[in-house]
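So the sequence shown is numbered by our numbering: it starts at 18 and just counts up by one.
Using C-beta positions, here's what the derived DEER-type ranges look like:
id	residue 1	residue 2	range
1	Ile90	Pro120	34 to 40 Å
2	Pro127	Asp189	37 to 43 Å
3	Thr191	Leu116	40 to 46 Å
4	Ser59	Glu86	27 to 33 Å
Hints listed in this document are in silico derivations from the structure and should not be mistaken for laboratory results. For clarity, every value in this text was computed on a predicted model and none was experimentally measured. All C-beta atoms in this analysis are idealised placements derived from N, C-alpha and C, irrespective of residue type, glycine included.
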Amino acid sequence: GGFVEWQKGTGDQDSYAIPIDDANWDIGILVVIVNRNKKMVSSREGMKRTLETSPFYRGWLETVDRDLEEIKIGIKNRDINQIGRVAERNSLKMHATMLGADPPLSYWEPESIIVMEIVRELRKEGLPCYFTMDAGPNVKIICKLSDSPIIRDRLLKIFKSHQIIIGKPGPDITIL
18 GGFVEWQKGT GDQDSYAIPI DDANWDIGIL VVIVNRNKKM VSSREGMKRT LETSPFYRGW
78 LETVDRDLEE IKIGIKNRDI NQIGRVAERN SLKMHATMLG ADPPLSYWEP ESIIVMEIVR
138 ELRKEGLPCY FTMDAGPNVK IICKLSDSPI IRDRLLKIFK SHQIIIGKPG PDITIL
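Start from the sequences and build out the full structure, keeping to the hints where you can.
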């Protein structure tokens, strides 16, 4: 359970996860499902297009290692604000890179942007929460687990309850 760092390798023998922190502290994530449909452009195809055609790809790639180190420091210090700021910033850089592809690629939907704005509003109100997105329309919100009911209640003004999942760190892996 907890946080792990994926070791990028070339095959099964050198590509694996190593533990960073057990995450036995007040951290959680909300997943806001804005679209359950299959993506028009797969993640693999989107990344290929971005890598081959986006003039911003190299710049984003140059920041990934620094972002990872900042996240690891945030995890070590159990600093939700540092973790969230870096995750949100990295996610936005990735999506900007995809917008620079030819043809441009965006996985965002209007509801994705609504969630981002709600998170920004909550943060202005003093709640430490941050959004992140992978190559898809669904938004993940990094927050204190103890704050997740407040965030969920705000989201329920617009989204249905089955669209919002509250997640928390799980136990270590067990072999059955």
